[in-house]
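Here the protein sequences come in this chain order: A and B.
If you use the numbering used here, the first sequence corresponds to residues 29 to 362, in order.
If you use the numbering used here, the second sequence corresponds to residues 164 to 385, in order.
Hints listed in this document are in silico derivations from the structure and should not be mistaken for laboratory results.
Take these hints with a grain of salt, some might be off.
[Said to hold, decoys possible] Which bits of chain A does chain B cover? Going by a derived footprint, with three or more residues having C-beta under 8 Å, they are:
1) 45-54
2) 157-171
3) 233-243
4) 325-334
All residues carry an ideal CB built from backbone N, CA and C; glycine is no exception.
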Amino acid sequence: MLEVIEPGLFSTIQDEGRPGAADLGVPRGGACDPLALAVMRELVDCREPSTVALEMTLVGPELVARETCLVGLTGADLGCQLLPEGRAVPPGTTFVVHPGTTLRFGEARDGARGYLSLAGGISCERVLGSASTCLVGGFGGFGGRRLATGDVLRPVRPRLMERDGSLWPGRISGVVGGDAPRVVRVVPGPHAEALAADAGALLGSTDWQVSPSSDRMGLRLDGPPIPMVDGGELLSLGMVWGAIQMPPGGQPIVLLADHQTVGGYPVIAVAITVDRPILGQLRAGDRVRFRAVTLDEARRLRLVAGAVLRDAARAFRASAEAHRADKREEPRPT
Amino acid sequence: MSIEPFGDEALLITLGQALDPRINRRVHALAARVRRDAAGGRGPWGTPVAGHASLLVPYDPARASPAQATERLARLLDTAWEEGLEEPRPGRLIELSVRYGGDAGPDLLAVADRTGLTRAQVVEVHASVEYDVFLLGFTPGFAYLGILLRHPLVLSRREEPRTRVPAGSVAIAGEQTAVYPGATPGGWHLIGRTDAVMWDAQRDPPALLAPGDHVRFVPLAP
Numbered sequence: 029m030l031e032v033i034e035p036g037l038f039s040t041i042q043d044e045g046r047p048g049a050a051d052l053g054v055p056r057g058g059a060c061d062p063l064a065l066a067v068m069r070e071l072v073d074c075r076e077p078s079t080v081a082l083e084m085t086l087v088g089p090e091l092v093a094r095e096t097c098l099v100g101l102t103g104a105d106l107g108c109q110l111l112p113e114g115r116a117v118p119p120g121t122t123f124v125v126h127p128g129t130t131l132r133f134g135e136a137r138d139g140a141r142g143y144l145s146l147a148g149g150i151s152c153e154r155v156l157g158s159a160s161t162c163l164v165g166g167f168g169g170f171g172g173r174r175l176a177t178g179d180v181l182r183p184v185r186p187r188l189m190e191r192d193g194s195l196w197p198g199r200i201s202g203v204v205g206g207d208a209p210r211v212v213r214v215v216p217g218p219h220a221e222a223l224a225a226d227a228g229a230l231l232g233s234t235d236w237q238v239s240p241s242s243d244r245m246g247l248r249l250d251g252p253p254i255p256m257v258d259g260g261e262l263l264s265l266g267m268v269w270g271a272i273q274m275p276p277g278g279q280p281i282v283l284l285a286d287h288q289t290v291g292g293y294p295v296i297a298v299a300i301t302v303d304r305p306i307l308g309q310l311r312a313g314d315r316v317r318f319r320a321v322t323l324d325e326a327r328r329l330r331l332v333a334g335a336v337l338r339d340a341a342r343a344f345r346a347s348a349e350a351h352r353a354d355k356r357e358e359p360r361p362t
Numbered sequence: 164m165s166i167e168p169f170g171d172e173a174l175l176i177t178l179g180q181a182l183d184p185r186i187n188r189r190v191h192a193l194a195a196r197v198r199r200d201a202a203g204g205r206g207p208w209g210t211p212v213a214g215h216a217s218l219l220v221p222y223d224p225a226r227a228s229p230a231q232a233t234e235r236l237a238r239l240l241d242t243a244w245e246e247g248l249e250e251p252r253p254g255r256l257i258e259l260s261v262r263y264g265g266d267a268g269p270d271l272l273a274v275a276d277r278t279g280l281t282r283a284q285v286v287e288v289h290a291s292v293e294y295d296v297f298l299l300g301f302t303p304g305f306a307y308l309g310i311l312l313r314h315p316l317v318l319s320r321r322e323e324p325r326t327r328v329p330a331g332s333v334a335i336a337g338e339q340t341a342v343y344p345g346a347t348p349g350g351w352h353l354i355g356r357t358d359a360v361m362w363d364a365q366r367d368p369p370a371l372l373a374p375g376d377h378v379r380f381v382p383l384a385p
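Please model the entire structure based on the sequences and the hints provided.
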């Protein structure tokens, strides 16, 4: 188990979320980088109904081990160091910590969100089939609030596995390196016709800048105002993660995992599901560019991404098996 | 009526552009059909999300292409139309006691001023209507209630939304009224407050109101 010494800038318990409760007005929630969570499930060999992880935003926490446990890290690199030995641990691997070891995280070098979990899950409040923290409803995770000093991350069923600490053989997050604008692929939204004639081209050719007022509900984007033929408010309709809403004023909002279940602004485009991890790793000041794809292309990309993840999982499990076999052959100490 | 893609894992059915209880009842009847088709894993559907005059229907892209999902949903709607859309379950009538005005309803005076009514008349009008629950959305358990059409209380939202509205606040905006289940930001006009618990995550079901229910506000003596 790990005790929280410093909670970090904004850390919450998240899993795959509760999409089944949207008809109650409950945001779906869940990890903003679903790729990082899917990798985590494999890394720590999660056998619980959902993959419960700590989502750490921009500046990570400081945790101290009180009992031996196996920790997994994915997502953005928040510069995790094990003290007092001073060893740095990158995301995409697992490691064992013993009582007294401190895990000190720093600032994200790139991307926005890192994830930590334990073999055997993290014990916390489940509501409506999910452990995800619902901030607006005040439930799930640790009492529906962000992580605080004194909280304890305790496995549901403590389990130590033999893992050789090998790195995940594939992508572990939606973090995109380099200085070029991040490319997010989109399909037309249900209100694309509300755009003025040349607005679609403007939307696609602009380097949008992520505003500091973004959060888990949505990314606010700064750029040239997008002219709308009909920018009026609509009757409330169900919303989806990735919807690009156009409020009056023409500054788009891209909805993220904690988005409101319904909204009344026109939706001009929708980011495709396979690019949700990229959205979840954008930070204030990042530039983002939208590229239109067809629905069939979106589906093909999603199927490919699923296959790539399964292949990586197979390779990782095989390497873990080989490690265990090696261990069995070692002579037992007498 | 139209069916169109809403991203690569949902379809949107639009039934109209008006805030109309009859259209909204059709939305919920269709939602019930979709849930039935999904039961037992037959249809590829996730939980449908009702709007005022639309239904968002998520689907699993691993089980259906956009074309296949659209076709199945269109067939489902055709059948529903042919068989006639049954009325949703008979709703309950739920009465909510409200303290109007004062600290409980800080906007009551402004609403009275803007509508040319006295405070007592605003309360009388608001409490005289039996409202339909159109949908739950915005925050957990937040029920959009209507309709105040043909009443003089139709005001646009506040220009400056409040960053924090107390839980239980009874509010109006446009042709609708609602109770804020928890302390959240809010842009509606606050005219009163109720002690009813609109949302309790530990309760089953957690939301006090469900689509199809009817709501009446009962003024408490000041």
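Now the hints, each set against the structure:
Closer than 8 Å: that is the beta-carbon criterion, and the segment 45-54 of chain A has 8 residues meeting it against chain B, so the requirement of 3 holds. For the segment 157-171 of chain A, the stated coverage by chain B is satisfied: 6 residues place a CB nearer than 8 Å to a CB of that chain, which reaches the threshold of 3. Beta-carbon proximity to chain B at under 8 Å applies to 0 residues in the segment 233-243 of chain A; the threshold of 3 is not reached and the given coverage is violated. Three residues within the 8 Å Cβ limit are the bar, and the segment 325-334 of chain A against chain B gives 5, so the coverage statement holds.
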